[in-house]
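4 protein chains.
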Amino acid sequence: MTSLFLFGNFQKFVSLRGRLMIRKGKSKFLRQPIRHLDLKETQSLFDLVKNFRYTSFQSRNIFKCFEVFRKMLSDPTCVIFLGLSGAMIPGGMRRVIRDMVKMKLIDVIVSTGANVFHDIFESFGYRHYIGSEEGNDDLLRRHRIVRVYDALMDDREINQVIRLLSKVPEEVGKRVISSRQYLEVLGKRIKDEGSILKAAFQFGVPIFVPALSDSSIGIGLTFLHSQKRSSSEGLIIDQIRDSFEIAQLKRMAAVTGAIYIGGGVPKNYIQQLGPVSELLFKTESGHRYAFQITTDDPKWGGLSGCTFEEAKSWGKIEKESAHAAVYIDATIALPLLVGAILQEGKVYRKRKRRHFIWKEDRLKFIQFI
Amino acid sequence: MTSLFLFGNFQKFVSLRGRLMIRKGKSKFLRQPIRHLDLKETQSLFDLVKNFRYTSFQSRNIFKCFEVFRKMLSDPTCVIFLGLSGAMIPGGMRRVIRDMVKMKLIDVIVSTGANVFHDIFESFGYRHYIGSEEGNDDLLRRHRIVRVYDALMDDREINQVIRLLSKVPEEVGKRVISSRQYLEVLGKRIKDEGSILKAAFQFGVPIFVPALSDSSIGIGLTFLHSQKRSSSEGLIIDQIRDSFEIAQLKRMAAVTGAIYIGGGVPKNYIQQLGPVSELLFKTESGHRYAFQITTDDPKWGGLSGCTFEEAKSWGKIEKESAHAAVYIDATIALPLLVGAILQEGKVYRKRKRRHFIWKEDRLKFIQFI
Amino acid sequence: MTSLFLFGNFQKFVSLRGRLMIRKGKSKFLRQPIRHLDLKETQSLFDLVKNFRYTSFQSRNIFKCFEVFRKMLSDPTCVIFLGLSGAMIPGGMRRVIRDMVKMKLIDVIVSTGANVFHDIFESFGYRHYIGSEEGNDDLLRRHRIVRVYDALMDDREINQVIRLLSKVPEEVGKRVISSRQYLEVLGKRIKDEGSILKAAFQFGVPIFVPALSDSSIGIGLTFLHSQKRSSSEGLIIDQIRDSFEIAQLKRMAAVTGAIYIGGGVPKNYIQQLGPVSELLFKTESGHRYAFQITTDDPKWGGLSGCTFEEAKSWGKIEKESAHAAVYIDATIALPLLVGAILQEGKVYRKRKRRHFIWKEDRLKFIQFI
Amino acid sequence: MTSLFLFGNFQKFVSLRGRLMIRKGKSKFLRQPIRHLDLKETQSLFDLVKNFRYTSFQSRNIFKCFEVFRKMLSDPTCVIFLGLSGAMIPGGMRRVIRDMVKMKLIDVIVSTGANVFHDIFESFGYRHYIGSEEGNDDLLRRHRIVRVYDALMDDREINQVIRLLSKVPEEVGKRVISSRQYLEVLGKRIKDEGSILKAAFQFGVPIFVPALSDSSIGIGLTFLHSQKRSSSEGLIIDQIRDSFEIAQLKRMAAVTGAIYIGGGVPKNYIQQLGPVSELLFKTESGHRYAFQITTDDPKWGGLSGCTFEEAKSWGKIEKESAHAAVYIDATIALPLLVGAILQEGKVYRKRKRRHFIWKEDRLKFIQFI
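Protein chains in written order, with numbering that gives the first Met the number 0: chain Y, 0 to 368; chain X, 0 to 368; chain G, 0 to 368; chain D, 0 to 368.
Careful, some of the hints might be misleading.
With a straight-line cut-off of 20 Å between C-alpha atoms, the simulated PhoX-like cross-links for lysine-lysine are [to be verified]: (1) X/K49 - Y/K39; (2) X/K227 - D/K281; (3) Y/K227 - G/K363; (4) X/K227 - D/K363; (5) X/K318 - X/K70; (6) D/K351 - D/K363; (7) X/K281 - D/K349; (8) G/K70 - G/K103; (9) D/K70 - D/K349; (10) X/K363 - D/K39; (11) G/K227 - Y/K363; (12) Y/K345 - X/K39; (13) Y/K103 - X/K318; (14) X/K345 - Y/K39; (15) Y/K187 - Y/K358; (16) G/K166 - Y/K227; (17) D/K363 - D/K63; (18) X/K103 - X/K227; (19) X/K281 - D/K166; (20) D/K318 - D/K281; (21) G/K351 - G/K70; (22) G/K281 - G/K318; (23) D/K103 - D/K351; (24) X/K227 - D/K166; (25) D/K103 - D/K173; (26) Y/K49 - Y/K39.
Only part of the chain G face toward chain D is listed, based on derived beta-carbon distances under 10 Å [as the list claims (entries may be wrong)]: (27) H35; (28) I129; (29) V254.
To be clear, the hints were calculated from the coordinates, so they are not data collected in a lab. For glycine and all other residues, C-beta sits at the position ideal for the given N, C-alpha and C.
Starting from the given sequences, assemble the full structure and let the hints guide the process.
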């Protein structure tokens, strides 16, 4: 009897024993076996995300984010904040984010100015175009074409939109407003059904852009500012008013969740709501749910890539919070996660919309409709 | 007539003009607009990958890899090499890779020893388990449990498999063999239908592990070596014989394609086939198709992360080759790409299997069945 | 005569031929050989950076940044902007940045609010502490200690500083000011010689924080805002005024340079000065010199990691600009680069300080002292 | 008395209190304050590395690696293994590594074949050249110039060296040898004082290349193999013999340390010595000291980027081992670390050289000279 024969028999024996051991739970550490992804049973986006539960590394993190997402959607009192960084509109994610607004997957947005500008830009019928990351940028410049990695835009169209935007403040009628109020005015005027800003206006999702000056919208406002005759005229976007408004949102919501696409100001701004609440309202109130899609990393020490564990030390998320992070380009993870939620259907369909009733810079109450 | 009125009208006007411009092709650089991913039309994995054609950044690169994959599968003469690095079995990708073998998506594998070992390990009925990346490793060590990031294994089971593997050489009957021949012997003995090694044996897909000593399989062979009485006895895995065998494969294949999961020795070994061919057979023969799934980056100067453009300077890929790279965890990209290929169906079903007829270390011919 | 003998002789022959070839310039591509770093001749930081000229990968990029740095310092008309992101004060870089201000290596700062807050925090005698990235964050929270990766702070001290900061606006006397003016008021009051803010005030280096609300300074101001009785009282930080002020700086400077530590708002804000100038002043004016220390990457499509080539397509940097980027943690690269500049001495000593003479939000002129 | 006055006084008060608190140790978590790097006191590489002790993020990790390096050098019984991956010779690090051999900073090398080949290549008087990462690779190919990121080589010179190397085996006189023995034969013949291989031979530092076939050296041997008339002739590099030899090294050394430049086979091969020892010699023996310079990351699940904590679960490093990792391009970190060790002087000068006395594939003893 050769060892090879034993080899064969041993396989059967161990295989049986393996199954037994799983049932008996041979070690508390070794309870749940990895289940190798079976593509026959993985047809839809939901299938894939669901099956990532039993794989490892970043694919399992996709599932973990999905799980947190489901939890925050299922919580009947939770208000969900979306932090939006990175070039999501040149990235082709405009409709996915619009759908998040429309399908009640998020209640409040904090964004970079760029994402809002690119959304407005497309609302005018202008387009982003497929380009290459190895473009000849001197040549592009000569043709007045600008590049966002492997996407392209017509610079004259950008300037056209900036000029039109700089007309808006004349119509606002107020002197000092928050970015939220300003973006509401813009959203109201947009006709394009594909627009995030329009959908946000329609469905009552406030958009905050704390660093509005840091974008083409801000460039338009700066142009206007430069033409003011005296310092007592002209519109003022009061960023501290934004902070006060969003702090009230945090306070009035019994429970909050946070979704971060990238980091930057939007992430930090939503994260600091815990410390803000402590100072303003003497209540500890970190987020109860949080997940992040990022390509940054904790090891560089910056806020964009920092972990939710670190956030616990600050009271930015609750001690018992559900949280997850996946390290991946958002243009891949976002469609997977949102697609899986929509395909599963159950969770989000039951969710009520949160309506925020403002009087000036004071939040009066939150309606659940 | 206010500017806001103009604002509204302008949107319609521009929208029309935008559509016209697209038709007229206002600039040679701005031909193909970004199409924002529509989740309503994105149900399956194939839908997603197909729709990534018109998004940007790494999602578009997923599509580009898919396109290269389709091209290599469609080429009736192309022989496809898979370079396999990273902990794909603990990662839950065993079945996906097995399916790649079974469904004729690849013809030759070059792997790290670890991937082959983990496959054999599961063939014995042993399992990898769900763990956490924040494990208490001292505690795990006490329980003889080993960790692969967020996956776990029982160390005693590993040792059991190493011991059994060290019996195999006694049965081989030859003194000096290639890793390919050795792994064929192992593959023949495996019963488990889920095994990559078994499928490779069944379907005639050769597996090369040039650095076999650098793995638990190698540890088993080292144990055996340590018990040899004289240096003239015992099995020798001749890595140069591997190189000679795979060089013949490259030469006899009119056209070749390469798929890299990660980098390391498997990537470099398949990449160097161009230079090898030039030296041995005086023929230039880079790969015609190549794509890579990687988390490494060109900017560190290493081979694992280097671009296919750099590879052109070496003649590792053909000047006119189709190539793409996507920067992402392979446990996410691989199911997307293979899933999309299988769901589309057309391309891979027509493909014939390549059979390699060996006589010792000489490749006699390649059959297309 | 064996081949090994030939082998030996060949070395001599080739070595000679190699030297000849270098002299004769055998190929236009192969002019400058790599010079292997010689540690005997590498004692100081300047030695190291200088010798990185002839090595490869990111070390060579360190040298390239150094070279751009020297060029911008040598240009008698250049105004240098520093974009400051990341947790540089917890990172131990406070004194290095203070020295950049003091030694005339930079003329204008655009920063995240956090960096300014951490600087003020230390001005009060409070300290950041050595911690571990694997901290028990629940425990830290119980002790009211907050974590920034592997650095720690006392949360009560943070709150103490926030409270004190919220007293400052009462003293300002104006209603609507820019962040630059507000930070000047703070800088004037700081006694601590180690402070960046104090040095900036002393040496006339303006600091802009466009997203001031997104920081603990903003939290203090929000606290104040929440206590206002009517919307017509209280201080307003007008971010558009910031944009207008910095746009004038860009315009009045014949030539500009940009140094980016990290990305985020500070980078984008300095980068957009080119497009801003085009719109406001009808002049093309990208930066002539620019270098970036970053851990982000172009391939994710975001602005933080985007290349200076891409910036050319936007007119953010000049077509003929000198630019470089190095991919590395700034706590390593910044001391190397600034240290090398200071050790070399020649370039920075000759440089004159730029003084900006403001009247309200209007820049009157720039003095070179 | 205004609050601003208080603000000023408070600074003095807190500053005093701060100093007191530090002395009294107000919290066990807040013992050691960050010390902001002072460039005046940071002239040499040793100064910089030493001062990184009190900064954060990756700079502190540089110090931690330095500390581990010092510990392993100070341990009178420790044998130090260097794992060498990445394109270190094109990177300009040849002399630094040669100095590590010469100055007794390492005792054993495990390398990729490429690093050894590039070293031999330069021994012939050939050179690597400064290039650009944006090379036109089709043009380079036409000129037979190959690219390694931003370094260049002449392809004809590479082929010349491969051809010469393929002559060597005729002289070896043995049939089956380890890569260590083969590289000793090569090292003996090299005249160039700058060569790592020569220095290794001179000073008795064994070099193992377990995946020798995966390199240009392997290409040369494959060429030779292809010309063999029968399978019983020609040289065989027995990789399992390598494993057996290096396992004995591990066993005979009371204590071991590991330095990893990059990951790949060299890291895994040195890491697996613990498990190998357990199987072969029934003794637990992880490394007592280990540090890694890497640009990979644990989160992808691969071995190249995995943490030393994970390694503990495998018994690859000792439970009480000193270990550190720094995430940075090795062409920057290596000169810093080795430079600091050489400048400090004390530690390495006292170190004795380890001499390994072999008889065939058996290690007889280790001498400390």
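Violations among the numbered hints: 7, 10, 13, 16, 17, 18, 24, 25 and 29
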